[in-house]
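**Q** Construct all of the structure, not just a fragment, from the sequences and the given hints.
Here is how the chains run, residue by residue.
There are 2 protein chains.
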Amino acid sequence: MLETLRWKNDQLEMIDQRVLPNQFNYLSFHSAIEVAEAIRSMVVRGAPAIGCAAAYGIALEAKKNSHLDKPDFLAALEEGWQILSKSRPTAVNLFWALKRMRQAWNTVSATYSYQIAHALLEEAHRILQEDICNNRKMGALGAELLKDGAHVLTYCNAGALATAGHGTALGVIRSAIWAGKRISVISAETRPFLQGARLTAWELNQDQIPVTLITDNMIGHLISKGEVDAIIVGADRVAANGDVANKIGTYMVAVLAKRHNIPFYVASPCSTFDLDILEGNLIPIEERPIEEIANLDEYQWSLGKIKMRHFAFDVTPRDLITAIITEKGIIHQLTQENIFKLIAQ
Amino acid sequence: MLETLRWKNDQLEMIDQRVLPNQFNYLSFHSAIEVAEAIRSMVVRGAPAIGCAAAYGIALEAKKNSHLDKPDFLAALEEGWQILSKSRPTAVNLFWALKRMRQAWNTVSATYSYQIAHALLEEAHRILQEDICNNRKMGALGAELLKDGAHVLTYCNAGALATAGHGTALGVIRSAIWAGKRISVISAETRPFLQGARLTAWELNQDQIPVTLITDNMIGHLISKGEVDAIIVGADRVAANGDVANKIGTYMVAVLAKRHNIPFYVASPCSTFDLDILEGNLIPIEERPIEEIANLDEYQWSLGKIKMRHFAFDVTPRDLITAIITEKGIIHQLTQENIFKLIAQ
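Line by line, the protein sequences are chains V and G. Mapping the first sequence onto the numbering used here, position 125 (from 1) lands on 125, and the numbers just tick up by one. Mapping the second sequence onto the numbering used here, position 326 (from 1) lands on 326, and the numbers just tick up by one.
Worth double-checking, as some hints may not be accurate.
The list treats identical chains as interchangeable, and a pair is accepted whether it falls inside one copy or across any two copies.
[What the hints assert, rightly or not] No more than 30 Å apart at the CA atoms, straight line, and that leaves these computed lysine-lysine pairs for DSSO-like:
(1) Lys137 <-> Lys147
(2) Lys86 <-> Lys225
(3) Lys70 <-> Lys137
(4) Lys181 <-> Lys137
(5) Lys341 <-> Lys70
These are calculated hints, taken from the structure and not from any lab test. As the structure is a prediction and not an experimental result, all values here were calculated from the model.
**A** Structure representation (structure tokens):
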């Protein structure tokens, strides 16, 4: 199985997702600030993977400072926590994981810093393992929704690379294939970071799952030609009413799906739900550097003096979503009541 | 005024649109086969500009062979005509211009080849001049539709660079600005050839028209945030019922416009109407090399072994189009009857 993040030689290693598929290599991380920078610069991306990375960021900071007195140690943790919390604003798994890590250090009964550090590393390992388990559960549940022979369109990368393993949206596709269904995938390239072209196509190709790559603006044409049977995407934050923030462009895919009566599924673990946010338009939407729009590495195709906007996410209202697949079950009718019933328990 | 094509030193010169905005230079052409290759490789693109280029392709072929006997001369013209007709399949202006050139050589009363060649060059000049005039007329008519202060989204490049000058969609915007309206433009980059990022943004910037560049998948977000007041695009072929083939992705923009009740205008000269094609799904849609999806120049970001599709156009059904602006008038209600009444007369 592809390990997006791994604990090795007493440090965190993560696949450098900025250079895939041309290069496949792991980078090492030793502190909260290093992990925060990796999240910000998209060495690691995808809501669940960001959550796992942040958890290890705290664990690394604890390990690094475990020789300190408890007050100094806790101050260092607090500082690392603050830095990590400011790395990216939209994916709620970051805050969910940080909250869990804080709970861990608040509740552990330990005399010495190194004991707390040990407990925090255990908690990070647990978060990673739970993520994989949850993806497997979502996969098994969601696989039922995909028909044998289906052409399934996915957007961005909600795969193993966006999680600790198996994936959310791609996890459902993987599980459907394990269940014996013949599924072929259409991957939209997902500008500007090209997660679909660089990550999803690569990841599926590694598993020998049939994949066809298109540009984002071809989705409407393919749907109108009847070449898409279902759509499945991940999520960066789900509001209490079922609105979903996900990679920029998801909204347009959902609107097209609605016009053509194609099921539009979201695969999202409970950790991606934010029950404190009542509806999607209250979710903070990250704006990223405009250089990411105008360049690819050294290659620049737009004049520097042109004004640009770079929104990293958009919001898909619940009325466009056929169902949300979670590890606890599938929510077909997206109401606040149904969501609370499943998620808050 | 920006001259996309020009006749200079007894040869055709065209701006090399593959290298804008990083380089601005003209290339020279001397035969039908050279012009056909320029159309195929997108040195020149945009339906009206392709029509003008094809007309000059015939004129160049005539000039090159004007020393031949009339039968050999006409055979050379025929061969050039066939080569040009196979350069690209979707934009109907190519076939419209070629038909006009054939009519010109069929109807001219001339004894010698060089006289026919002269008449064909005159006809090419007329096609170019008419294109500019028609764009100015469309501009003046269409300008009425844009409100002072409007944020207008355009897609691909339907500007001076897509025509002999002034532009179709951007011509309407230019004319509105000349009429004293404050218009700001949102340009979607338009993958994979990046006509929006490389051509529209550059062209508007040259004219100091405010422009903001986004990726194609941000259109839905901006529309949903109320940041788009109107949409205007060009066309590659309009069917007899009012369905419009245009750059891939246009359909998705029109679907989003409909959902948010934003006017969606098409600016299209009569030469882009194909009254022989009853509806949009009968329009041939070009598929182009997949390398254009996976690379930008030398820079490659997708694995070569991944399957890809590259559709160059899609079809927007007439029910999504608020009005089509032509040089003869604006068609608000898109019916075959209204279209024939205006265009066929």
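**Q** Against this structure, judge whether each hint is valid.
**A** These are the hints, each one checked on the structure:
no. : hint              : verdict
1   : Lys137 <-> Lys147 : within (18 Å within a copy, 53 Å between copies)
2   : Lys86 <-> Lys225  : between (43 Å within a copy, 25 Å between copies)
3   : Lys70 <-> Lys137  : neither (39 Å within a copy, 78 Å between copies)
4   : Lys181 <-> Lys137 : within (17 Å within a copy, 57 Å between copies)
5   : Lys341 <-> Lys70  : neither (40 Å within a copy, 86 Å between copies)
When each numbered hint is compared with the structure, violations occur for hints 3 and 5.
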